[in-house]
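Trainee: Take a look at the letters that make up each chain.
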Amino acid sequence: MSTSKDEDVGAFIEKRLKLDQRVYGNRRIEKTRHRRPSNIENVPTTLKVNKNKDKYVGPPILILDNGAYTTKIGMSTDDAPTILPNCIMKVKSERKRFFVGNQIEECRDLSGLYYLLPCEKGYTVRWNVQKPVWDYIFNNICPIEDKPIIMTQPMFNFKPIQEITDEIFFEEYEIKSMFRINPNDLAKYEYLNNVVGRNVPCIVVDSGFSFTTVVPYIGGKKYYKAARRINLGGKMLTNYLKDIISYRQLHVMDETYVINQVKEDTCYVTPNFKEDMRIASSYGSANTIIKSYVLPDFNNIRRGYVQQLGENTDEIAEGCQILRLNNERFTVPELLFHPSDIGIESVGIVECIVKCIQLCPLKDRPGLAKNIVLIGGNANFPGFRERVYADLRSYLPDHWTVNVYKPENPITFAWQGGKSLASNPKIKSLLITKEQYEERGSAYTYERFSDWLRSDRQLHQEEPKSTNTVATNSVLQSGHFSRFDLFGKHELETEELCDTDDNSASDKLSKESNGDVKSDSSIDAVKEKDSENNDNSPETTLEAQPEDTGESSNTNKINDKVSKHKAFIKIDNKDVRSSEPNVFASYDFNLLCNSFI
Amino acid sequence: MTISKLTLRGSTRLKENEKRRIVDETSRKRRHRKMLETLEADNYHEDPHADLVMSKKIPKFDENLETRTRSKRKEKSADYYQMKFRKHFLQLLEEDRVEAEVTRRYSYMDMASEDTTMPYRHFCAVCGFFSPYVCLTCGMRYCTIRCMDTHMDTRCLKWAA
Numbered sequence: 001m002s003t004s005k006d007e008d009v010g011a012f013i014e015k016r017l018k019l020d021q022r023v024y025g026n027r028r029i030e031k032t033r034h035r036r037p038s039n040i041e042n043v044p045t046t047l048k049v050n051k052n053k054d055k056y057v058g059p060p061i062l063i064l065d066n067g068a069y070t071t072k073i074g075m076s077t078d079d080a081p082t083i084l085p086n087c088i089m090k091v092k093s094e095r096k097r098f099f100v101g102n103q104i105e106e107c108r109d110l111s112g113l114y115y116l117l118p119c120e121k122g123y124t125v126r127w128n129v130q131k132p133v134w135d136y137i138f139n140n141i142c143p144i145e146d147k148p149i150i151m152t153q154p155m156f157n158f159k160p161i162q163e164i165t166d167e168i169f170f171e172e173y174e175i176k177s178m179f180r181i182n183p184n185d186l187a188k189y190e191y192l193n194n195v196v197g198r199n200v201p202c203i204v205v206d207s208g209f210s211f212t213t214v215v216p217y218i219g220g221k222k223y224y225k226a227a228r229r230i231n232l233g234g235k236m237l238t239n240y241l242k243d244i245i246s247y248r249q250l251h252v253m254d255e256t257y258v259i260n261q262v263k264e265d266t267c268y269v270t271p272n273f274k275e276d277m278r279i280a281s282s283y284g285s286a287n288t289i290i291k292s293y294v295l296p297d298f299n300n301i302r303r304g305y306v307q308q309l310g311e312n313t314d315e316i317a318e319g320c321q322i323l324r325l326n327n328e329r330f331t332v333p334e335l336l337f338h339p340s341d342i343g344i345e346s347v348g349i350v351e352c353i354v355k356c357i358q359l360c361p362l363k364d365r366p367g368l369a370k371n372i373v374l375i376g377g378n379a380n381f382p383g384f385r386e387r388v389y390a391d392l393r394s395y396l397p398d399h400w401t402v403n404v405y406k407p408e409n410p411i412t413f414a415w416q417g418g419k420s421l422a423s424n425p426k427i428k429s430l431l432i433t434k435e436q437y438e439e440r441g442s443a444y445t446y447e448r449f450s451d452w453l454r455s456d457r458q459l460h461q462e463e464p465k466s467t468n469t470v471a472t473n474s475v476l477q478s479g480h481f482s483r484f485d486l487f488g489k490h491e492l493e494t495e496e497l498c499d500t501d502d503n504s505a506s507d508k509l510s511k512e513s514n515g516d517v518k519s520d521s522s523i524d525a526v527k528e529k530d531s532e533n534n535d536n537s538p539e540t541t542l543e544a545q546p547e548d549t550g551e552s553s554n555t556n557k558i559n560d561k562v563s564k565h566k567a568f569i570k571i572d573n574k575d576v577r578s579s580e581p582n583v584f585a586s587y588d589f590n591l592l593c594n595s596f597i
Numbered sequence: 001m002t003i004s005k006l007t008l009r010g011s012t013r014l015k016e017n018e019k020r021r022i023v024d025e026t027s028r029k030r031r032h033r034k035m036l037e038t039l040e041a042d043n044y045h046e047d048p049h050a051d052l053v054m055s056k057k058i059p060k061f062d063e064n065l066e067t068r069t070r071s072k073r074k075e076k077s078a079d080y081y082q083m084k085f086r087k088h089f090l091q092l093l094e095e096d097r098v099e100a101e102v103t104r105r106y107s108y109m110d111m112a113s114e115d116t117t118m119p120y121r122h123f124c125a126v127c128g129f130f131s132p133y134v135c136l137t138c139g140m141r142y143c144t145i146r147c148m149d150t151h152m153d154t155r156c157l158k159w160a161a
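Line order of the protein sequences matches chains A and B. Numbering-wise (UniProt numbering), the first sequence opens with residue 1 and increments by one. Numbering-wise (UniProt numbering), the second sequence opens with residue 1 and increments by one.
Isolated chain A (complex conformation) (with noise of 0.2 Å):
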């Protein structure tokens, strides 16, 4: 990356010009001006070239990765985001008052904490606890006002969920326009641009909170079809350590947040499970595996840690609780590979990226195999990427490369996309401005937002079989479609008319093939041949019609009448296929997957 001195002279006045007309535009960001030179001289000299080659200094973006357990926040011009607990907490000691997000740190006794999360399955619906805690964060950690935001929603997160997050955004805080996304998109973004610099297929593993997703993609393209999730994560492992070590030892199922920091501090994966058995079940000096923990008192000692050989002494004495983790320590995590060793059907990550790669077409596979990224709080267990490889490899071809990637902080990765993607131009004709919003809707930000409904389930599936019936069905069903999600409601138009239509004429049809054994041949032969037509255009259906006349006067009225429904429901259905309904006509949904460098 050789960059000549006009270029840069040329980029710094750019840049200047942009900093000037922000300050004069907007008087209010000067506060927070004073961050940003110390900031330009403090990124590493790679970022500097990058910024360079893109040229593109756009207003600063707030990104909210708005997580289950932790949400991630902040500028554009950051260099990292802060993170902080997307709960309520309620504390025995402290009987006045709750805590809100990282006000816990100024809690001194954490025992018993009492936790309201906003997420339900990864879902928040308890607006009641996300509400006050977003409110405490524009507050008090970062300010939202007049300032662009990308925000990070779970894959198929649900209308109404939708709806009243625009409502939050767009009305009571009135920012100015705003971008959702799913945090493996962003991740992907990152990878794609930042890692591998190419656009390749890739596989982004979220192992967070809630859940653990495995989304491929090809040609930057979710594959939904082989996308899954398996109902395990971060807090159920810690509950179950909880649930374990209350059984074996010392009751501490109040204690999720003391937990938590056990396995945080001791829990890692295991590159053999039955050696690592053996090894736990021996005695003595030849158990390695056994450590022992000092919980905290939140006196003297405000974090557990694990104890160093040779100290025993100090600790018994002062009568510190001390926990002796054997197995503990990697069954624990072991169940993300095996969620059957606590009954839950459902196959590990390792099987799950296996079976996903399956799903997916043919000359993708080794170059999914290549790509796999693991981000979420999980990918931070000690040996997990190498877990997932060794398993890997032993299950995929001998010949294909298979490369796992974890990025250096897993948590703040997808992050780090939006950072990435705030100072892609193409941004700008992502987000959604309010006066968008206004005009057109929730409605219009839920079909923006929401790629999967653009997923066609039908695309992947094998063709179905050319019966008249299934023919006329599907495609009256996504002529539903267009109309449906275009404005949200179910609206009785022509689609509708059309169906009820159709079906009676089928009624007649029927009815007439009881009469008369001979039109209903003829019928059918009509049938058949609209259904081989299905592809063609409607024209050479119509033109195909006169050409039936022979046949008598009764049948061929219907025959004009089914054939007649037929083209108008092609016309309608090629319509949607070919070109976007006119709402979205200026919007090019494909913008972010084109966009990959």
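Don't take each hint at face value.
Stated by the list, open to error - Below, in silico cross-link-like pairs of lysine-lysine (DSS-like), each with a Cα-Cα straight-line distance of 25 Å or less:
| no. | chain 1 | residue 1 | chain 2 | residue 2 |
| --- | --- | --- | --- | --- |
| 1 | A | K370 | A | K355 |
| 2 | A | K159 | B | K76 |
| 3 | A | K159 | A | K121 |
| 4 | A | K434 | B | K84 |
| 5 | A | K176 | B | K76 |
| 6 | B | K84 | A | K176 |
| 7 | A | K159 | A | K434 |
| 8 | B | K76 | A | K147 |
| 9 | A | K176 | A | K147 |
| 10 | A | K225 | A | K363 |
| 11 | A | K176 | A | K434 |
| 12 | A | K221 | A | K426 |
| 13 | B | K87 | B | K76 |
| 14 | A | K159 | A | K96 |
| 15 | B | K76 | A | K434 |
| 16 | A | K159 | A | K225 |
| 17 | A | K176 | A | K225 |
| 18 | B | K76 | A | K370 |
| 19 | B | K34 | A | K159 |
| 20 | A | K221 | A | K428 |
| 21 | A | K370 | B | K34 |
| 22 | A | K363 | A | K221 |
| 23 | A | K225 | A | K355 |
| 24 | A | K90 | A | K225 |
| 25 | A | K428 | A | K176 |
| 26 | A | K159 | B | K84 |
| 27 | B | K76 | A | K96 |
| 28 | A | K159 | A | K428 |
| 29 | B | K84 | A | K121 |
| 30 | A | K90 | B | K76 |
| 31 | B | K87 | A | K121 |
| 32 | A | K274 | A | K121 |
As the list claims (entries may be wrong) - Among the chain B residues that face chain A by a calculated CB cut under 8 Å, a handful are:
| no. | residue |
| --- | --- |
| 33 | H32 |
| 34 | T38 |
| 35 | A41 |
| 36 | Y44 |
| 37 | H49 |
| 38 | A78 |
| 39 | Q82 |
| 40 | K84 |
Bear in mind the hints are in silico, worked out from the structure with no lab data behind them. All C-beta atoms in this analysis are idealised placements derived from N, C-alpha and C, irrespective of residue type, glycine included.
Assemble chain B onto chain A, guided by the hints.
Mentor: Coordinates of chain B only, in the frame set by chain A:
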């Protein structure tokens, strides 16, 4: 229950034996489901503030968030959104499923992972190591006589309905 001669007489050992019946499949499944539910739960214990008598001394949320920049007019309380939402997770799921069916797109349900084809591994319910034995009464597992004794004394469902 009337006290008959039969209930008064007879050895206690036989009575004990009668009580110690084998737990049937449904209650074993129920126990398993219950266990999974506890693993899914956010908290095990009750809300520590549940018994709190509300008085004026307790600050509300809005009071410790003084630095407001937005116009007061637009502000809505958190309960407003909760009231507006009023939906359970399963309800959302059902709505989504119906919509997906109509429009023939992929939905949350399609993303669920398959069942595993691997054989289950069995662990001692007491100590966590591999276990060859099954408790005849309740179907949980143990590995040694020591673990069996612990199991019988604690988590075995022998007395449960």
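Trainee: All hints are to be evaluated individually against the structure, with a verdict given for each.
Mentor: Outcome of the hint check:
For the proposed pair K370/A and K355/A, the alpha carbon gap of about 15 Å is at most 25 Å, so the pair holds. Between K159/A and K76/B the CA atoms are separated by roughly 21 Å; this keeps the pair inside 25 Å, and the hint holds. For the hint pairing K159/A with K121/A, the CA-to-CA distance comes to about 16 Å; that is within 25 Å, so the pair holds. Our distance criterion of 25 Å between C-alpha atoms is met by K434/A and K84/B, whose separation comes to about 21 Å.
The hinted pair formed by K176/A and K76/B meets the criterion: a straight-line CA distance of about 19 Å does not exceed 25 Å. Taking the CA atoms of K84/B and K176/A, the gap is about 24 Å. The hint holds against a cut of 25 Å. The hinted pair formed by K159/A and K434/A meets the criterion: a straight-line CA distance of about 19 Å does not exceed 25 Å. For the suggested pair K76/B and K147/A, the alpha carbons sit about 21 Å apart, so the restraint of at most 25 Å is met.
Distance check on the hinted pair: K176/A and K147/A sit about 6 Å apart at the alpha-carbon level, within 25 Å; holds. Between K225/A and K363/A the alpha-carbon distance is near 16 Å, which keeps this suggested pair within the 25 Å criterion. For the suggested pair K176/A and K434/A, the alpha carbons sit about 5 Å apart, so the restraint of at most 25 Å is met. Note on K221/A and K426/A: the hinted pairing holds, with a Cα-Cα distance of about 17 Å set against a maximum of 25 Å.
Proximity of K87/B to K76/B is assessed by CA-CA distance (about 19 Å); at most 25 Å being required, the pair is judged to hold. At roughly 36 Å between alpha-carbon atoms, K159/A and K96/A are farther apart than 25 Å, so this suggested pair is violated. Proposed proximity of K76/B and K434/A is supported: the alpha carbons are some 18 Å apart, at most 25 Å. Restraint check for K159/A and K225/A: the C-alpha separation of about 21 Å stays at or below 25 Å, so the hint holds.
Restraint check: the Cα-Cα separation between K176/A and K225/A comes to about 35 Å, which exceeds 25 Å; the hinted pair is violated. Taking the CA atoms of K76/B and K370/A, the gap is near 49 Å; set against the 25 Å cutoff, the hint is violated. For the hint pairing K34/B with K159/A, the CA-to-CA distance comes to about 30 Å; that exceeds 25 Å, so the pair is violated. Distance check on the hinted pair: K221/A and K428/A sit about 20 Å apart at the alpha-carbon level, within 25 Å; holds.
The hinted pair formed by K370/A and K34/B fails the criterion: a straight-line CA distance of about 41 Å is larger than 25 Å. With a C-alpha separation of about 16 Å, the suggested pairing of K363/A with K221/A holds against the 25 Å cut-off. Using a Cα cut-off of 25 Å, the hinted pair K225/A and K355/A holds, with the two alpha carbons roughly 11 Å apart. About 42 Å separates the Cα atoms of K90/A and K225/A, which puts this hinted pair outside 25 Å; it is violated.
For a cut-off of 25 Å, the pair hint linking K428/A to K176/A stands: about 12 Å separates their Cα positions. With a C-alpha separation of about 13 Å, the suggested pair K159/A and K84/B falls inside the 25 Å cut-off, and the hint holds. Simply put, K76/B and K96/A have alpha-carbon atoms about 23 Å apart, close enough for the 25 Å limit, and the pair holds. At most 25 Å may separate the alpha-carbon atoms for a hinted pair to count; K159/A and K428/A meet this at roughly 24 Å.
Taking the CA atoms of K84/B and K121/A, the gap is about 20 Å. The hint holds against a cut of 25 Å. For the hint linking K90/A to K76/B, the alpha-carbon distance of about 23 Å falls within 25 Å, and the restraint holds. Proposed proximity of K87/B and K121/A is supported: the alpha carbons are some 14 Å apart, at most 25 Å. Distance restraint check for K274/A and K121/A: the Cα-Cα separation of roughly 32 Å exceeds the 25 Å cut-off, and the hinted pair is therefore not satisfied.
Interface hint at H32/B: satisfied, since its Cβ lies 5 Å from the closest Cβ of chain A, which is below the 8 Å cut-off. The interface hint given for T38/B holds, since its Cβ lies 7 Å from the closest Cβ of chain A, which is under the 8 Å cut-off. At about 7 Å, the closest approach between the beta carbon of A41/B and any beta carbon in chain A falls short of 8 Å, and the interface hint on this residue holds. About 4 Å separates the beta-carbon of Y44/B from the nearest beta-carbon of chain A, less than 8 Å, and the hint is met.
Given hint, H49/B at the interface with chain A, holds; its Cβ is 5 Å from that chain's nearest Cβ, closer than 8 Å. Satisfaction of the interface hint for A78/B is found here, the shortest Cβ-Cβ separation to chain A being roughly 4 Å, below the 8 Å cut-off. Given the 8 Å rule on beta carbons, the hint for Q82/B holds: about 4 Å separates it from the nearest Cβ of chain A. With 8 Å as the threshold, the beta carbon of K84/B comes within range of chain A, its nearest partner Cβ sitting at about 7 Å, so the hint holds.
In summary, the structure is inconsistent with hints 14, 17, 18, 19, 21, 24 and 32 from the numbered list given earlier, while agreeing with the others.
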